[in-house]
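Okay, here's what each chain looks like letter by letter:
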Amino acid sequence: MKATQTIQKETNNSQVTERISGSEAVIKCLLAEGVDILYGYPGGAIMPVYDELYKYQDRIHHVMTRHEQGATHAAQGYARISGKVGVAIATSGPGATNLITGIADAQIDSTPMVCITGQVGSHLLGSDAFQETDIVGISTPVTKWNHQITKASQIPEVMAKAFYIARSGRPGPVLIDITKDAQFEEFDFKYEKCTGIRSYKPVPKTDEATLKAAAEAINAAKKPFIVWGQGVILGKAEDAFKAVIEKAGIPSAWTILGASAVPTSHPLNVGMVGMHGNYAPNVLTNDCDVLIAIGMRFDDRVTGNLASYAKQAKIIHFEIDPAEVDKNVKTDIAVLGDAKASLEALLPLLEEKTHQEWHQRFKDLYDVEYEKVIKHDLYPTKEGLTMGEVLKEINIQTKGDAAIVSDVGQHQMVACRYANFNKTKSNITSGGLGTMGFALPAAIGAKMAAPDREVVAIIGDGGYQMTIQELGTIFQQKTPVKIVVLNNEFLGMVRQWQQLFFEKRYASTEMVNPDFVAIAKGYSIAANKVTKREDLKEAVKTMMETEGPYFLEVRVEKEGNVFPMIPTGASVSEIRLE
Amino acid sequence: MNDNIQYTVFIYTENNIGLLNRISAIFQRRHINIESINSSASEIENVSKWTIVVELSEERIKKIIGQLEKQVEVIKAFYHTEDDIIYQESSIFKMRSALLFEERQIQNIIKESNARIVTVNREFFVIEKSGRKEEIDMLSRELSVFGIMQYTRSGRIAVTKDEMRISTMLREAFLHH
Numbered sequence: 001m002k003a004t005q006t007i008q009k010e011t012n013n014s015q016v017t018e019r020i021s022g023s024e025a026v027i028k029c030l031l032a033e034g035v036d037i038l039y040g041y042p043g044g045a046i047m048p049v050y051d052e053l054y055k056y057q058d059r060i061h062h063v064m065t066r067h068e069q070g071a072t073h074a075a076q077g078y079a080r081i082s083g084k085v086g087v088a089i090a091t092s093g094p095g096a097t098n099l100i101t102g103i104a105d106a107q108i109d110s111t112p113m114v115c116i117t118g119q120v121g122s123h124l125l126g127s128d129a130f131q132e133t134d135i136v137g138i139s140t141p142v143t144k145w146n147h148q149i150t151k152a153s154q155i156p157e158v159m160a161k162a163f164y165i166a167r168s169g170r171p172g173p174v175l176i177d178i179t180k181d182a183q184f185e186e187f188d189f190k191y192e193k194c195t196g197i198r199s200y201k202p203v204p205k206t207d208e209a210t211l212k213a214a215a216e217a218i219n220a221a222k223k224p225f226i227v228w229g230q231g232v233i234l235g236k237a238e239d240a241f242k243a244v245i246e247k248a249g250i251p252s253a254w255t256i257l258g259a260s261a262v263p264t265s266h267p268l269n270v271g272m273v274g275m276h277g278n279y280a281p282n283v284l285t286n287d288c289d290v291l292i293a294i295g296m297r298f299d300d301r302v303t304g305n306l307a308s309y310a311k312q313a314k315i316i317h318f319e320i321d322p323a324e325v326d327k328n329v330k331t332d333i334a335v336l337g338d339a340k341a342s343l344e345a346l347l348p349l350l351e352e353k354t355h356q357e358w359h360q361r362f363k364d365l366y367d368v369e370y371e372k373v374i375k376h377d378l379y380p381t382k383e384g385l386t387m388g389e390v391l392k393e394i395n396i397q398t399k400g401d402a403a404i405v406s407d408v409g410q411h412q413m414v415a416c417r418y419a420n421f422n423k424t425k426s427n428i429t430s431g432g433l434g435t436m437g438f439a440l441p442a443a444i445g446a447k448m449a450a451p452d453r454e455v456v457a458i459i460g461d462g463g464y465q466m467t468i469q470e471l472g473t474i475f476q477q478k479t480p481v482k483i484v485v486l487n488n489e490f491l492g493m494v495r496q497w498q499q500l501f502f503e504k505r506y507a508s509t510e511m512v513n514p515d516f517v518a519i520a521k522g523y524s525i526a527a528n529k530v531t532k533r534e535d536l537k538e539a540v541k542t543m544m545e546t547e548g549p550y551f552l553e554v555r556v557e558k559e560g561n562v563f564p565m566i567p568t569g570a571s572v573s574e575i576r577l578e
Numbered sequence: 001m002n003d004n005i006q007y008t009v010f011i012y013t014e015n016n017i018g019l020l021n022r023i024s025a026i027f028q029r030r031h032i033n034i035e036s037i038n039s040s041a042s043e044i045e046n047v048s049k050w051t052i053v054v055e056l057s058e059e060r061i062k063k064i065i066g067q068l069e070k071q072v073e074v075i076k077a078f079y080h081t082e083d084d085i086i087y088q089e090s091s092i093f094k095m096r097s098a099l100l101f102e103e104r105q106i107q108n109i110i111k112e113s114n115a116r117i118v119t120v121n122r123e124f125f126v127i128e129k130s131g132r133k134e135e136i137d138m139l140s141r142e143l144s145v146f147g148i149m150q151y152t153r154s155g156r157i158a159v160t161k162d163e164m165r166i167s168t169m170l171r172e173a174f175l176h177h
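Residue numbers (the UniProt record's numbering), protein chains in the order written: chain A, 1 to 578; chain B, 1 to 177.
Errors might be hidden in some of the hints.
What the hints assert, rightly or not - Label pairs and their calculated CB-CB ranges: (1) R165(B) / L306(A): 29 to 37 Å; (2) K247(A) / R132(B): 38 to 46 Å; (3) R30(B) / W497(A): 22 to 30 Å; (4) N422(A) / E43(B): 53 to 61 Å; (5) K205(A) / F124(B): 55 to 63 Å; (6) N2(B) / A220(A): 53 to 61 Å; (7) S140(B) / A307(A): 39 to 47 Å; (8) R30(B) / I60(A): 34 to 42 Å; (9) E43(B) / A209(A): 47 to 55 Å; (10) D51(A) / T119(B): 54 to 62 Å; (11) L20(B) / K247(A): 47 to 55 Å; (12) R96(B) / L306(A): 25 to 33 Å; (13) A307(A) / F124(B): 24 to 32 Å; (14) L306(A) / L20(B): 53 to 61 Å.
None of these hints come from the bench; they were simulated from the model.
Built from N, CA and C at the ideal position, the CB exists for glycine as well.
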């Protein structure tokens, strides 16, 4: 019987078939997909692949993290800064389950990642063998696709599909589980890249009439407002996007994953939307007449109460994933398709506009926020260092050229609010999942993918200790990342909520912390601690001027709060400044 | 407020291991109870067809369809109300053979319900009945008076009154890349 053709391959007639083991085939697949770095941790069921990694170490650099979760976040950091597929590898059982947090993070933040796990021999499947776990079952809800390989001959096609699925359309994580016998088995290897899967349409076709309707609505708008998300970055649409907002003169705000697609200093960049976003874009969301959402998914942290979100506005949604349309916010015009292609097609249909009065509204509200919040964050007069002034110093020293990798919590919101971004792919953070412990390993991956860029990790004292073991990876790999821990001796964001909504009952949020500088020094990482305002500038300068990795702890005020803030259940326009 | 409607969902998929888990997880995650589920071969070689019955609002079922179609190995998903489809369920009942002689009305019940006897032996006989849910419910109620040894019913299976263009879609799948 002729097998049904379900995938389309790049024909490669020049490549000859060779007889090799499944594990060597895995390496050859990775090389064929352009993988030069992968992150992982060895163990019994993946040993044959590690044996091949040893033989191929001149061509593919394996970074041994200190925990498999670190491997996934490093692969994510690598992917987020480079736009390429990040790769993580682990053994069966606990090695595989330790990947799950990173996979779930990559799924919700649309990060292209391929995870490879070893599995017990196929004859042992389902027998509760040593280090056997049903990782395909476990990872199903948090992967874009996953598959178990039990025969070496399946490796090339499955690996080709894995990379194609991870990077195409709306990207995401893929997990491939390979039984140990399939790794040992020899077969005739030939690699053909996947170029299509019949059941999978990564990019929906853009409808011209819909695009025209969108252009007409934008042209007719008096108070148009754009909220853009990571889709602009993932779709490599930064230039097309900038051209659109400049021609149509539309004030544009970003979700945290969209940050840096347009420089912070751009006059049409009006800041961040959402729970701790800027005042003007949140308030004016409920005043615009046309809201144009581009490559974003109306997350609840962005919209606040949906019942009072932009009800007055006509909603236009540019989106690659049809499942996102009407999911949270009912759309009037949905333009499906690739962001770059759609925006390029939109541009000639737009009229040149400036919307000066409308812009002034944003500026006026910015001034309100500046007086009430920003001034006190960046130029505090009270005792106690603020997180904001640390960011300000980093901006000065890096001139806004660094990639900022933040963890989760108060420092993350402060980093997103105050970091200056000159270049795209500069804000690497765990958005949707809110994974504490993300930043340190993600910074490692980011620095390795972009060695010419400064990578500064901004981390709270809580999240830092969730993956602090990755200092070992930095030590061994000599990865020149700059690590800034903003230490308030609290799980600050939870404490802020306890203060505001739980009558200051600080249940399990106070941290008794170790000597972080001594720990960094234990890994031979240059380290310093700042407790006074007058020492901050010099300390940040020294950090940035030091070659190699550097750790800087800044003791910030213990009970500082992040404002503005949209309380849970409130509308975006009810954002609080204090 | 309950604006739930019974929908029959059809999902055309590749025939791959693990899809049951992936599809059921979409419902489970949203705390949606699956009333019945059936997976089988379809009119197209190597393509599976799933028939799932759920009770939901139209707004929610639309989102579920979006999530289903987002899966790499799902070719296409549809939702229908009962008016759009022709459907059947199947059931089999195992009863004590002695009843056939002791309880004359059993034969009438079988005849009137358009059920059929699949097999009879010394100990037991087996009745098969296909039809709408209510018909099977009624037969089950009537037979239960006499004691049912075993009873199994299938999930809904259905076809649409309108044409489904899956074959065309599959043929064209590679043309747009």
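Hint check results:
1. R165(B) / L306(A): 29 to 37 Å: Given about 35 Å between the Cβ atoms, the range holds.
2. K247(A) / R132(B): 38 to 46 Å: violated (60 Å)
3. R30(B) / W497(A): 22 to 30 Å: Cβ of R30(B) to Cβ of W497(A): about 27 Å, so the range 22 to 30 Å holds.
4. N422(A) / E43(B): 53 to 61 Å: holds (57 Å)
5. K205(A) / F124(B): 55 to 63 Å: This hint holds: roughly 58 Å between Cβ atoms.
6. N2(B) / A220(A): 53 to 61 Å: The hinted range 53 to 61 Å is violated for N2(B) and A220(A), with Cβ atoms some 40 Å apart.
7. S140(B) / A307(A): 39 to 47 Å: holds (45 Å)
8. R30(B) / I60(A): 34 to 42 Å: 41 Å Cβ-Cβ, so the 34 to 42 Å window holds.
9. E43(B) / A209(A): 47 to 55 Å: violated (33 Å)
10. D51(A) / T119(B): 54 to 62 Å: At 59 Å between Cβs, range holds.
11. L20(B) / K247(A): 47 to 55 Å: holds (50 Å)
12. R96(B) / L306(A): 25 to 33 Å: This hint is violated: roughly 59 Å between Cβ atoms.
13. A307(A) / F124(B): 24 to 32 Å: violated (59 Å)
14. L306(A) / L20(B): 53 to 61 Å: violated (33 Å)
This entry does not satisfy hints 2, 6, 9, 12, 13 and 14, going by the numbered hints stated previously.
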